[in-house]
Amino acid sequence: MTRARDIASGIDYITGIDAGEVLPHIIPGVLYPAVEGNDLDGTDIDTSHGSTYTYGTTHADGRMYYYTDIKGSKPIKDPRIGAHFGSQRHKFKSLQLLEQETATHGSKVYSVDGREWIRAVGDVTTENGANGSNIRIDAAGEYVEIIGYFIDANVSMHTSSGRYFEIQVDGGSETTSNFGTATVSTPLADDRYVDDGSVINLGLSESLGIHTLRINHDTSSHSLFCVELIAQDTSNRSNIQIPSQNVVSYGKKFTVSGTPHYNPFAQSQTGADVTINSSTTNTAKLTGGWSGTGATYYSSELDTATSLGLSAWVSGGEYFRPVNGGRVIWWVNSSGALKCSVNMMPPAGTAIGGVTGGHNVPTGTHNWATKYQPALHSTTIDHSQEELAKTFWYREFGNGSANGNANYKDASTLVGDGDNDIAYVMDDGLTSISGDNVRTDSNTEMGGHNGESTDLFYMTFIGTGLSHSIISNGTNQDTLANLPYGTHILKVARTNSNTATTTIDGVSLGDVGDNYGYFTEMHIHQPKKPPIPEDAVVLADYMLMADFVIQGAAGVEKLSKGTRILSISRDVFFDGGSANLSLSSMYPEGFYTYGNTNGYLQKLPFFGSGVVNRYEANTSSGSTLDFTNDGTNFSGGTFFGSASSNELDQSTATGNGYFGGIHSLDIGTYTSKLGPVDDNPKYFRGNGYEVITPIHTSFHYQTFETPYLHELVGGDRNMEQHNLVVTPDGKTWDEVTRDTS
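Under our numbering, the first residue of the sequence shown carries the number 593, and numbering increases by one thereafter.
No wet-lab data here; the hints were simulated from the structure. It is possible that part of the hints are untrue.
Said to hold, decoys possible - With a cut-off of at most 30 angstroms between alpha-carbon atoms, the simulated DSSO-like pairs for lysine-lysine come out as follows:
#1 Lys982 x Lys963
#2 Lys877 x Lys1121
#3 Lys669 x Lys1195
#4 Lys1121 x Lys1195
#5 Lys1274 x Lys1323
Claimed, not checked - Per label pair, the in silico range of CB-to-CB distance:
#6 Ala1146 x Asp638: 56 to 64 angstroms
#7 Thr775 x Pro1123: 23 to 31 angstroms
#8 Thr1005 x Asn1042: 33 to 41 angstroms
It should be emphasised that the depicted structure is a prediction, and the values quoted were computed from it without experimental measurement. We put the CB at the ideal spot given by N, CA and C, even for glycine.
Modelling step: build the complete structure from the supplied sequences, incorporating the hints.
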């Protein structure tokens, strides 16, 4: 780029005046620091405004402010860029000393992972050891300050007896809630050398806007792993929020805003729901078309010319609601209007086996209200609607067996001979491999050890397709494509000396070929980006989860459609009684917990419309537990499986792969609470959860770089702004608001 163009871009960015060709981008606003609630002149911000001031709005002096307690704070870029909806996780992994702020404030001030909007104050340190990687606050006066656009937040911390923190919001009074307090040490620790944080909801109930959350030291030390900021308009729970912002699209500057539904196919133009019925005759349809005006059309913003996959949902001149999820992008056209492009997964996918002809139809064959397993219609694998999301070498599923801990064997130390039972869950709590009686062959691939049906492995992933490769013989095999978007469970069981049977979500694909069921690398696929115009600025890029359908039968290899699975080994909060975490090679989640101490309980915050509990049942020793929203009965929703009337009954059967949950809650933030156990010596046994969440980031397998690793992020991760372009030369939000140097 020439110097003249550099200068032109700078003028364009600062003034919004077109001075030459620039890339489409968002122009972030600026927030000024209101140190201890004072404006830049040092006057109380309410007094100088002439009335109570709301942070993030325009002050009487023409500026917009954020609250901070850190003296010497600088203006920051306004985080209200693009679109916002749901939960977004931000990890705490490193500290960078801010010398100017430190000198002015009088004590050390750090950025957290280089972010200008997350800072730590005091003698804060980092940890990297048996309990994972985090930042740590140890003494009175130490705190973490987070500026963001949110209504509520979750914090992940190492929990044990006598450790808790307090918070303040926008300079208000400190709470006395003892957040994170527990009477027992978390079973997630146990020297596994992975993050053992439990996620705790703060219950803020703020109005959606710019807020400053301060996490204060209270007692003992606090190992903090991440914060999750939650954005939602609770009066319009299904609408994404596009705050008013300036953008450059098609070389022109526009001011845009909006509140569209997260699912462009959920309603007609009149706001009437397009509801899925329980019948093979599908009535979830409109007759006018995909985009138009009136009761017979879907979203008026839908741009069919730049969308993919819609034709598969048209039959007999009728336009059926796509129920298998896909990718959604919101952008701005040459007139400054919001547009939506999609890539929707078809009614049926393709696979190496298990197919039924004629199944790739929107009506007349499938009951979409009960069809929880993928429909497959052809053995000609079609990845034309997909992109490669991530490739994993089998050795990546491990960390040296927890640095040599015999209780936690994984694929990184897998050997060629012997019966190896392994499991490892990635940092996202979802992607995993567990194997019973598995081995490595020639140190290049892994699979079942012998020719027995119990010699098997499971792999969980989120996406729409899968393929694998074997280095030793140069084999590359497509396995699956165009599945409903969500979590899937692959099972490969070796059946004799050279064959193996593969299933996906309980659907048998048959024999995978004469390769023993081995693999070297797994390639995960997801819906590719719709072909939006290159001159258009992007405001949101997310995956629409497949419409939720309840799992129809028990089985560890099965799960409900359209969910995010979470292993019990990550994020869960435990309290009230001792619990044990154990590796289980026969569960896709890789681990299970059990406890029979009266008072035992576990909790998980989530953003969505429901949650599924996955567990082992036993008619003689299974416990019946309260199943509530953090101790309060759920309001609305429908219980299913072994759950009813705010209880979960684990004694209805004996075996693995059982489930119970609630769905159809109003979309929002909840905390699933199981327990306390009150029927000792009966047991609680848990494997994990499935979160029924409406959307998910398009960048699930984009890693977060720490000083030690490239980690998957985890959490609900509904909508993110990290990759939105915010400068004329194409830099993203993360690139301009993070500096780890």
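Evaluation of the provided hints:
Between Lys982 and Lys963 the CA atoms are separated by roughly 28 angstroms; this keeps the pair inside 30 angstroms, and the hint holds. Proximity of Lys877 to Lys1121 is assessed by CA-CA distance (about 25 angstroms); at most 30 angstroms being required, the pair is judged to hold. For the hint pairing Lys669 with Lys1195, the CA-to-CA distance comes to about 35 angstroms; that exceeds 30 angstroms, so the pair is violated. Taking the CA atoms of Lys1121 and Lys1195, the gap is about 36 angstroms. The hint is violated against a cut of 30 angstroms.
Taking the CA atoms of Lys1274 and Lys1323, the gap is about 57 angstroms. The hint is violated against a cut of 30 angstroms. The hint said 56 to 64 angstroms for the Cβ distance between Ala1146 and Asp638, and at roughly 59 angstroms that hint holds. Here the CB-CB span from Thr775 to Pro1123 is close to 55 angstroms, at odds with the stated 23 to 31 angstroms. Roughly 20 angstroms separates the CB atoms of Thr1005 and Asn1042, a value that falls outside the hinted 33 to 41 angstroms.
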